[in-house]
Amino acid sequence: MNKGTWLEIEAGLIRRKTPAMRSAVESFQQDFKARATFIRQETVAETALSWFPVLNWRYVVPAAAALLIAGLVMWPSPTALVTQIKSLQVFSPHSSVIIMVDEKEPGTVVWVTDLESGDGNAG
Amino acid sequence: MNVNLKIILFLGMMLSAGAAFAGSTLSIRLVEASNAGQGMGTGLGDVAHLLQNNLPYKTFQLLASRSMSLPASSAASLSAGIVARCSGGQDNMHVILERGGKKIMQTTVELRDGTPLIIGGISSGQGKLIVVLLAK
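Residue numbers (our numbering), protein chains in the order written: chain E, 1 to 123; chain P, 1 to 136.
Here chain E stands alone, though its shape is the one from the complex:
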């Protein structure tokens, strides 16, 4: 049996391009990376924000758009911000009814002219 020296063995290995022995740490890391490629990995940011989806960038734009549309649809007109008169009946004798809507000082005024309310006065 031909036994070469260590130098001859090393030279032979270099010629064959035999990979060097991996350390235990390197072996573990490479195995871990290899296994990790088969599993979906979440980023740290995704994991931290997943409990509050609105902060997730994927949902910020749709949520903002939905709020904007809802706001535009539900935003009341200036006259809708004041009290609306649905019906009005005056039982006592009177001349006319004036309904004024003040948008500057928000409010509604119902004024009945020449109203006789039973005290004998009208005006």
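Read the hints as simulated data drawn from the structure, not as lab findings.
C-beta: ideal position from N, C-alpha, C; glycine also.
Per label pair, the in silico range of CB-to-CB distance: (1) Val60/E - Gln106/P: 48 to 54 angstroms; (2) Leu81/E - Gln52/P: 16 to 22 angstroms; (3) Ser87/E - Gln126/P: 26 to 32 angstroms; (4) Leu68/E - Ser87/P: 34 to 40 angstroms; (5) Leu81/E - Ala48/P: 16 to 22 angstroms; (6) Leu67/E - Ala80/P: 48 to 54 angstroms; (7) Gln106/P - Lys104/E: 27 to 33 angstroms; (8) Gly101/P - Leu67/E: 49 to 55 angstroms; (9) Ser96/E - Asp91/P: 26 to 32 angstroms; (10) Ile98/E - Thr42/P: 26 to 32 angstroms; (11) Ser87/E - Ala75/P: 18 to 24 angstroms; (12) Ser87/E - Ala48/P: 26 to 32 angstroms.
Some chain E residues flagged as far from chain P (calculated, every beta-carbon gap over 12 angstroms): (13) Gly4; (14) Thr5; (15) Trp6; (16) Leu7; (17) Glu10; (18) Gly12; (19) Ile14; (20) Arg16; (21) Phe28; (22) Phe38.
Starting from the known structure of chain E, arrange chain P on it as the hints suggest.
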């Protein structure tokens, strides 16, 4: 929990929060308007501009003030024989004004928070009586 469900719940909470700010109290005030003198009585500061800008009177004096919880279902006896009977919520409130037990007028209104409704023209010795309704 499904992410879409979370978004829907969030939007629902936003909308319900707005509804939660609806008024819970209805205040009813009786005011006498006249041209005898000039000035605004105490207790009318929040409606002073509305009264002065829209009615041809110089003096406004608070005669009575009452309040009731909303939705309303009671009568407020004011002054000068005026009684205001209110029923229903802000979206569909029925108001009946009586004087001396006699019905003067009735109206159905959609009352907005903080925006007063002024019903006036009831004759008075000095001028006119005005009822101010305000939900807040």
